[in-house]
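> Sequence:
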Amino acid sequence: MAAGAQQPSIVPTELEQQIFGRLLDVVHHGGLGTQLRVAGGWVRDKLLGKNSTDIDIALDDLTGKEFCEKITDYYEKVISHELKTPCVIPCKPGQSKHLETAKIILSDISDITIDFVNLRSEKYAENSRIPTAEYGMPEEDAFRRDLTINSLFYNINTNLVEDLTRRGLEDLKKGLIVTPLPAKVTFLDDPLRVLRAIRFAARFSFTLAENLKEAASDEKVKLNLRSKISRERIGQEVDHMMSGKYPVDAMCHIRDLGLFYIVFAFPEKTVPPVLDKHDWLCVSHIEAAWNLAQSIGCSVFRGGSGSMSQDEQRRLCMYSALFTPVRNMVYTKKKEEVVRYIIGNSLKLNGSDAEAIVQIHAASDKFADLIIFLESNGNLETVKENPNDPISKG
Numbered sequence: 001m002a003a004g005a006q007q008p009s010i011v012p013t014e015l016e017q018q019i020f021g022r023l024l025d026v027v028h029h030g031g032l033g034t035q036l037r038v039a040g041g042w043v044r045d046k047l048l049g050k051n052s053t054d055i056d057i058a059l060d061d062l063t064g065k066e067f068c069e070k071i072t073d074y075y076e077k078v079i080s081h082e083l084k085t086p087c088v089i090p091c092k093p094g095q096s097k098h099l100e101t102a103k104i105i106l107s108d109i110s111d112i113t114i115d116f117v118n119l120r121s122e123k124y125a126e127n128s129r130i131p132t133a134e135y136g137m138p139e140e141d142a143f144r145r146d147l148t149i150n151s152l153f154y155n156i157n158t159n160l161v162e163d164l165t166r167r168g169l170e171d172l173k174k175g176l177i178v179t180p181l182p183a184k185v186t187f188l189d190d191p192l193r194v195l196r197a198i199r200f201a202a203r204f205s206f207t208l209a210e211n212l213k214e215a216a217s218d219e220k221v222k223l224n225l226r227s228k229i230s231r232e233r234i235g236q237e238v239d240h241m242m243s244g245k246y247p248v249d250a251m252c253h254i255r256d257l258g259l260f261y262i263v264f265a266f267p268e269k270t271v272p273p274v275l276d277k278h279d280w281l282c283v284s285h286i287e288a289a290w291n292l293a294q295s296i297g298c299s300v301f302r303g304g305s306g307s308m309s310q311d312e313q314r315r316l317c318m319y320s321a322l323f324t325p326v327r328n329m330v331y332t333k334k335k336e337e338v339v340r341y342i343i344g345n346s347l348k349l350n351g352s353d354a355e356a357i358v359q360i361h362a363a364s365d366k367f368a369d370l371i372i373f374l375e376s377n378g379n380l381e382t383v384k385e386n387p388n389d390p391i392s393k394g
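Position 178, counted from 1, in the sequence shown is what full-length UniProt numbering calls 178; the numbers after and before it change by one each time, with no gaps.
Just so you know, these hints were derived from the structure itself, not from any lab.
The reader is advised that the hints may include incorrect statements.
Claimed, not checked - List time: in silico DSBU-like cross-link candidates among lysine-lysine, alpha-carbon distance up to 35 Å: (1) 228 to 333; (2) 245 to 213; (3) 277 to 65; (4) 228 to 213; (5) 70 to 222; (6) 173 to 269; (7) 103 to 222; (8) 269 to 222; (9) 173 to 184; (10) 222 to 277; (11) 348 to 184; (12) 222 to 174; (13) 103 to 228; (14) 70 to 103; (15) 103 to 220; (16) 50 to 184.
Whenever a hint applies, use it, and build me the whole structure from the sequences.
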C-alpha cells in the first residue's frame, strides 16, 4: 500500500465480535500476552465484502493445542460450560503439511469451528528437504504463506488489518495472484500451492502473475507435486474448483501450465492409448458444456425433493464433460473405465461420483445415437424452452 494511503478496516459481525471477545477473555483470564490474529481467507473475504466463517487464528507464543487447552480450562472454571475436546491435526512435513492445527467450537456462542495454529518460521537442516517449524514473528509467517492475498492478518487485540508483506492489499485491489516469496521457493515448500493459486485465480477471476506461471511450470515443482502431495489433497483442491463458479477457468490454467496429466493421472496402460492432445480435448469439452449450460440457463439443472441439488448436478455434469473424450478408454489391468481410475485413484473422490459420471457418459452416447437416427429420418426439431412454462421456471 502506498505511503499515506488509508488502511482499510474490518467491522466484524455481532457473532464474530462475541467469538473474538470470548477469546480475548481467555487471554486476559490466563494473564497471557498472546496476540490473536485472524489469518488468511477470512481477512481476504471480508476486505472483498464477502461473508466468511473460515476463522483461522494465528498465535504468537502458544501452539494451537496449548491455547485450546486454555480455552477449555476457562470454560470449566469461569463459564461452567463443557466444550467438546479439541481436535488436533498433527503436522506431516513429509507431505508438506508443516503446521499442527487445533480445532474447537465455542458451542455456547455458535457452531463455527475455529482453527488455531502458531505463527511459524522454518529452518532447513543440512541435506534435508523437510523444514523444522519454529515459533516465528508475524512477518516471517506472512511471507511463508501461499499467496499475498492470503497473507493478511486481522489483529483481534488491536482491531487492525496487518499487511506485513506490504503488497497483500495492493494485489487484492489489482486482482493479482502472487506469492510472498519467489514463486518457486513457495511452491517447493508446498507444491499443492500451485493448485491453490489456480483455484483462487478462477474463484475471483484474478490474474496469475507471470513469474508464478513460470514457477508452476517448472519441472522440479511438477515432480514434487506428483510425488510429495497426497492424492486426497489434490482431489480436494480439484473438487473445490469443479464446484466453484468458474471451473472452466481453473481447468484452462491446469492445462496451460502443463499440469493436466499430473493432476488427472492416468493408469500406465490404456486402450486406446493416452495422447498428448487429450488435455486439450478434455478442456475443450468442459468449456463447450459450460457455454451450453450458460446459454440455456440455470433451469438445465433441476433440483427438487428427493433429487440432487442443482449445484451437485452441475458438478457432476462438469466432471462428465471434462472426461467425455476418454469415456470409452479402459485400462488393461482391470478392464475398467479410465474415468473410474481417475476419480477413485487420482482424485480419491467417492465411488458414487465415478458411477454417476460413467452412467452419464452411457446415457449421453444413447442420446447421441438417437439424434443421429432422428436426423437421418428428418424428424429432428429444435425445441425452445418457453419462459412462461411453470416447469421452466422450476
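> For each hint, tell me whether it holds in the structure or not.
Comparing the hints with the structure gives:
no.	hint	in the structure
1	228 to 333	holds, 25 Å
2	245 to 213	holds, 22 Å
3	277 to 65	violated, 49 Å
4	228 to 213	holds, 20 Å
5	70 to 222	violated, 42 Å
6	173 to 269	violated, 47 Å
7	103 to 222	holds, 32 Å
8	269 to 222	holds, 22 Å
9	173 to 184	holds, 24 Å
10	222 to 277	holds, 19 Å
11	348 to 184	holds, 27 Å
12	222 to 174	holds, 28 Å
13	103 to 228	holds, 25 Å
14	70 to 103	holds, 13 Å
15	103 to 220	holds, 34 Å
16	50 to 184	holds, 30 Å
Going down the numbered hints, you'll see the structure goes against 3, 5 and 6, while the others check out.
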